[in-house]
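Participant: If you read the sequences in order, they're chains A and B.
Residues 1 to 596 (this note's numbering) are what the first sequence spells out, left to right.
Residues 1 to 216 (this note's numbering) are what the second sequence spells out, left to right.
If you are wondering where the hints come from, they were derived from the structure by calculation, not from laboratory data.
Just so you know, not all the hints are guaranteed correct.
What the hints assert, rightly or not - Label pairs and their in silico Cβ distance ranges:
id: 1; chain 1: B; residue 1: Glu180; chain 2: A; residue 2: Pro141; range: 21 to 27 Å
id: 2; chain 1: B; residue 1: Gly126; chain 2: A; residue 2: Leu94; range: 47 to 53 Å
id: 3; chain 1: B; residue 1: Arg122; chain 2: A; residue 2: Thr136; range: 25 to 31 Å
id: 4; chain 1: A; residue 1: Ala70; chain 2: B; residue 2: Arg122; range: 43 to 49 Å
Unchecked claim - So, partial list: chain A residues that the calculated Cβ filter (under 8 Å) puts toward chain B:
id: 5; residue: Asp91
id: 6; residue: Ala157
id: 7; residue: Arg160
id: 8; residue: Pro162
Bear in mind that the values here come from a model prediction, so they are computed numbers and not experimental data.
All C-beta atoms in this analysis are idealised placements derived from N, C-alpha and C, irrespective of residue type, glycine included.
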Amino acid sequence: MSLHRVETPLRPTGFRAKLLITMMLVITALTAVVIVVAERNLTANVEDRLQSSFRAELETFHHGQELRQAALLERVRTLVRRARLHAAIEDDALDLLYPSATDELRDLMGSTRSAVADASTAYSLRAEFYRFLDRTGSLIPVQAPHGAGELDAADEAKLRLPQAPLTQQIGYFIRSGGVDEDTIVETIAMPIVSLEDGSVIAALALGFDAAALGRSASDLSIKRGVWVEGRLHMNGLSAEERAAIDRDLTQTIAAGSQNENGLPRLLGSAPHLLFYKHLNPGSLYPPAYEVCVYPLAELAARKRQIRWQVVAVGALLLLGGLGASHVLAGRLSVPVEKLAVDSAEDRLQRERAEAALESTHAELQRAARFSADASHQLKTPVAVMRAGLEELKSHAKNSPETADEISALIHQTFRLSGVIDDLLLLSRMDAGRLRLAIKPVDLRSLIDAALDDLGAQPDAGTLSITTTFPPDLEVLGDEHYIGLILQNLLDNARKYNRPAGRIDLTARNTGGELFLRVGNTGRVIGRESREHIFERFHRGSMGENVPGYGLGLNLARELARLHRGDLQLLRSEEDWTEFEVRFRAPSHPSPLRSDA
Amino acid sequence: MRLSCRILFFVSLLATLSSVCARADALIEGRVTLPQNRTATVMNKRYEIVAKGGVLAVNPPLAVVYLEGRFPPPTEPPRATMTQKDLVFSPALLPVRKGTRVEFPNLDDTYHNIFSYSAPKRFDLGRYRPDERPIPSQLFDVAGLVTLRCDIHEHMRALILVLDSPHFEVTDENGRFRLEHVPAGRYVLKAWVDSRTVHAQPVELKDGDVLRIDFP
């Protein structure tokens, strides 16, 4: 029973709040996801752009450097073929070597540091000095300066090689005597090869100012430097950063690998991109590395800025979304709230109805039980009374008046028993305790029996009875109660007939159902009474001289319905009243519940 | 080439004349064993100077055979010619007597710049064109080997062997030589094979002698 179910009723305001909170949560989550994704994408973009521009800058520089070096090498290669140099070396005229070279190298020499300093990234194409190395790689001394460029003995020593090189050698060293800034020198040692047998007879070592290597690119905040002679030469670095790069490079060189990809490293406290490039791979001179440091501080700042922008936009979006969700939640919850209110009312009504039904049912049960009990209790005294009256009647000394009186009383006890029986039956039906023994019943024999009973009635003699039946008149039902229905109907047809009236019984079988019509002449049922004739204890406007208690039709209809049939008034007009009862025919045997 | 032949002819005519005056002649002939050819046969008899380990020689190999001794100084300075034709010195190896003035006519259509850093004679003729007149020349008055180069064309190389003797000859490509009209006397016959290899053989000549000497 849903009556006792305990349920939390849906509160409309609660629904609205829940909807709003859910929408807000969803919108917040979505916004958060959008913010995270957008921030990631944007910062990745910025990072890519910065890195690629950095790389492009670096590549441009390297490209320029390569071009310069290629041009320079070509120049020097041409130079070392010069006949005078060969003549001086091969024809045993070393005294003429430097003077001849001064002549030959006139257009290559003449670097001025001040001129180069202007072009910050440009390498010098002009040599600062040159020296010759002999077959053993030792320096051929300069007799007189002659324009070969000044060089300390210590620096000259750095030009030395284990032997005259077979191929060009590129080296980098730091000039001693650089006071305020590191003076990086790039050395190209080009072998002088005999034109006849291809053997290396000497080498020409040219020194170029490579200070540009240590200078930073102008527009990007790249710091550039050279790691040579086991030391980093880069301006504007803290001791800590310098140590970090030193350490890194030492490891790199030990591992024999290069880092040109620019892995982010933590130098000091700030992250940097660090690039190395081996400047002279395979050279007999000590290895030198170009080092480029790109501080990511700008990138970090840019990222921060983007993050704030994204967060600000996200916050605006969130605000808008929350506002929209508020409005939307309000709108959406209106019909739901209405529904909730309606359903609450419905529930209330249903509960009331259920309660009423429950109480009615209980009362009905009580009443039925009461009437059954009452009927039982009544039957015994009636029987006792009748026996007593029968006893009194048999006394011979009774006067004829007294005997008539007693007979009338006995008759009344029969009527009383009849009423009590009917009431008992009804109460059993109402309580649902009536058991039917359903089986095919021959209706004709039942009708015959009922007509017999009818004929025994004192006023039945004047009535003419006609029957019109099909050959098969079997119905499904309880023989006793079907007989009771017929008896009631025929009894009524007799009681409410006029003298010398007529009773018609017509049956017809229509596939699965059997209709029996009972018509009689006599006073018709008033139009206003027709809807009440099946109610208990209703007798309509029948004359008080007609015996009955107003239970018969009600009983007959209830019984017919218990048999899944029905009883109805077909018509009542012009001296003719006709009822029709419907039964089920056994051709369609269906499991009937014996218990209604 | 023709010009140099003519000059040679002229010089030998002079020598013949002087020997006719002396009326006493000897002849030395023989063969110098030359080193194996280092390269395949050279087309058009083009000779070049090659150096290996600082040793200069002619390729394909030729030798210079000359007499060392005491000779009267020349009555007038001898002259010789080394041309530059087709970016090559010709001849590649030129023996001259000390005191010879060698002319260097440029027969190419381009500039040449002949110079020498060799100790016996250092000079630099500078750039000159074929029509340069007078023809640039140098006096070689110190005996020794002089390497000639062209400053413009690094591959050009020639040797001038300055000898203190009027009797010398470049062998043919088989190493054969023939020194004629040699006055009687004691000499040392030498064969220059490359800048480091000079064979020597003392000889004593009488008038009318025909001496055959082969160098290993």
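Participant: Could you run down the list of hints and mark each one as holding or not?
Facilitator: Going down the list of hints, with the structure as the test:
no.	hint	in the structure
1	B:Glu180 <-> A:Pro141: 21 to 27 Å	violated (51 Å)
2	B:Gly126 <-> A:Leu94: 47 to 53 Å	violated (23 Å)
3	B:Arg122 <-> A:Thr136: 25 to 31 Å	holds (26 Å)
4	A:Ala70 <-> B:Arg122: 43 to 49 Å	violated (37 Å)
5	Asp91	holds (4 Å)
6	Ala157	violated (27 Å)
7	Arg160	violated (22 Å)
8	Pro162	violated (21 Å)
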